[in-house]
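A.B. asks: What follows is each chain in one-letter form.
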Amino acid sequence: MSTQEQQPVQPVAIEEIELAVKEQTVAVPKTKVPRDAAYWAPKVDRLVVDADKAAMGFNVAGRRVTGPQQGFGKLWQRTYSAALRPTVSPEQLISEWKDHFASFWPKGNRFGGTLIAPGEVAPIAVNTGGGLKLSTGVLVLYADPESFTFMTPEGHMFAGWITFSGYVENETTIAQIQILLRTSDPLFEMSWPVMKLMEDRFWRQTMRNVAAHFGVTRADITGKTVCVDTKRQWKNWRNVWHNSGIRSVLHLLTAPVRLVRRAR
Amino acid sequence: MTSKCETTTRSLPGCAVIELSGEVDGSAADVLSKAYDEAVVADQAPCVLLDFSAVDYINSTGIALIVSVLAKARSQGRQVVASGLSDHYRQIFAITRLSDFIQLYDDIDAAAAGVGAN
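Chains A and B, in that order, give the protein sequences. If you count by the working numbering, then the first sequence holds residues 27 to 290, one letter each, in order. If you count by the working numbering, then the second sequence holds residues 667 to 784, one letter each, in order.
Since the hints were made in silico from the structure, they are not lab data. One or more of the hints may lead you astray.
Unchecked claim - Okay, derived cross-link-like pairs now, BS3-like style, lysine-lysine, Cα gap no bigger than 30 Å in a straight line: (1) 261(A) - 738(B); (2) 257(A) - 69(A); (3) 69(A) - 670(B); (4) 670(B) - 700(B); (5) 738(B) - 69(A); (6) 257(A) - 700(B); (7) 670(B) - 124(A); (8) 257(A) - 738(B); (9) 69(A) - 58(A); (10) 222(A) - 250(A); (11) 100(A) - 700(B); (12) 700(B) - 250(A); (13) 261(A) - 250(A).
Claimed, not checked - Examples of chain B residues toward chain A, derived with CB under 8 Å: (14) 724; (15) 725; (16) 726; (17) 727; (18) 733; (19) 757; (20) 760; (21) 761; (22) 765.
Virtual Cβ for every residue (Gly too), placed ideally from N, Cα, C.
Next comes chain A alone, as it looks inside the complex (with noise of 0.2 Å):
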C-alpha cells in the first residue's frame, strides 16, 4: 500500500473540458478516405470460414491466401468474354452476376458463398470427373459496382486472381472474366495440360450461362491466354503441402473414420 499523501483533486470547469475537447477535434488531421477503400478486403492472415460452411471448407480454414508470385508454375492471363445486349449496363451484368453468381457455374460444380462482398470466403467444390469432388475455395479481395476479384487460398490449383468485370465497347456491355494464375505447385504443373482445357470449358459454359440470363442465347465467347512470365518459381515447390487434390482423397478416404467418431 502506498505511504504517499493523496494530493486534493481540483475540480474542472465544464468551459474548460468543452474548450479540451473542440481543441482535440480541431487538433485531429482529418485523413481521406480513398474512394476505393469499401471496396477492398481487409487484411486477413488465415482465413476463417463461417461454421455452417465448415464441413465444405475443409480445406481452406486456416489457410492463407495466394497471390500469382506465391504459385509455380508459369504465369498465364486468361481472358473470356462474351459482348452483351446494349440495354444491359455494366453495373446491372455486375448486380446481377453477385446475386446468381453460383446459378451460373456449369453442373456439378459448387459454390459455397452467400454473398459477394469484400472479405467474404467461399468453399468451393469443382468437378474433377470420375466422382472427385475437388474441395477449395477463394476469398472475395474486392468488389465494386462493375467488377469484382477473388483470391484463391493455399492449396488451390491456382495461385491467382479472377476478375468478372463488366464495361461498355462499341456502345455494347461486354462481359469478362479474367484470370491471372500460375499452378499452385509441381503436380498441378504436370496435370496443366488437361486443367487447362477443362478450366477452359468451364469458364465458357459459365460465360454463356451469364449471356443466356441476359437474354442472349448462341453467345460467341471469345478467349485468350497470354504467357505473362514462362519461368516456374522452384522455391514454391513446397506448395504441394497444401495441394487440394491430395487433401480431398484423403479426406473422402477417411470419411468413414469421421462417420464412427460422430455416432460415438
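The hints should help you fit chain B onto chain A, whose structure is shown.
C.D. replies: What follows is chain B alone, placed relative to chain A:
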C-alpha cells in the same frame, strides 16, 4: 477505354523511376506498359521504382497490372520497388501479398537511398 492514369519517367542512380498519378485500373495497361518500356530502355538500371504518391485510386485490375510489371521485370533480372504508398495502399499490397516481393519505401528519396545501399 480512356485511361485516367498518367506516368512520367526519370532516372536515378541505379534506378529507373516511373511516377504514376490518377487511377490505376484496367484502362492503364497501355500507359503502364509504355512507361515501363521507356524507363528501362532509357536507363538500363537493375531496378525499377514505381512511385504511387499521386495515385488516388487502385482497383483489382490495377493490382494485376502491377503483377504483370513485376513479372516482366523479374524475367529481365530487374528488381521492382515502390514508394509513396498511403497506409491504405500499403494494406492492399499486404493483403494481395505483393509486398512479399516489392520492397516498399516512404518516398522516392528513401527508395533511391535504399536501392543504392543494396
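A.B. asks: If a hint holds in the structure, say so; if it doesn't, say that too.
C.D. replies: Going down the list of hints, with the structure as the test:
no. : hint            : verdict
1   : 261(A) - 738(B) : 18 Å, holds
2   : 257(A) - 69(A)  : 29 Å, holds
3   : 69(A) - 670(B)  : 27 Å, holds
4   : 670(B) - 700(B) : 15 Å, holds
5   : 738(B) - 69(A)  : 27 Å, holds
6   : 257(A) - 700(B) : 23 Å, holds
7   : 670(B) - 124(A) : 26 Å, holds
8   : 257(A) - 738(B) : 10 Å, holds
9   : 69(A) - 58(A)   : 20 Å, holds
10  : 222(A) - 250(A) : 12 Å, holds
11  : 100(A) - 700(B) : 23 Å, holds
12  : 700(B) - 250(A) : 21 Å, holds
13  : 261(A) - 250(A) : 29 Å, holds
14  : 724             : 6 Å, holds
15  : 725             : 6 Å, holds
16  : 726             : 4 Å, holds
17  : 727             : 6 Å, holds
18  : 733             : 5 Å, holds
19  : 757             : 6 Å, holds
20  : 760             : 5 Å, holds
21  : 761             : 4 Å, holds
22  : 765             : 10 Å, violated
The structure fails to meet hint 22 from the earlier list, while all remaining hints are met.
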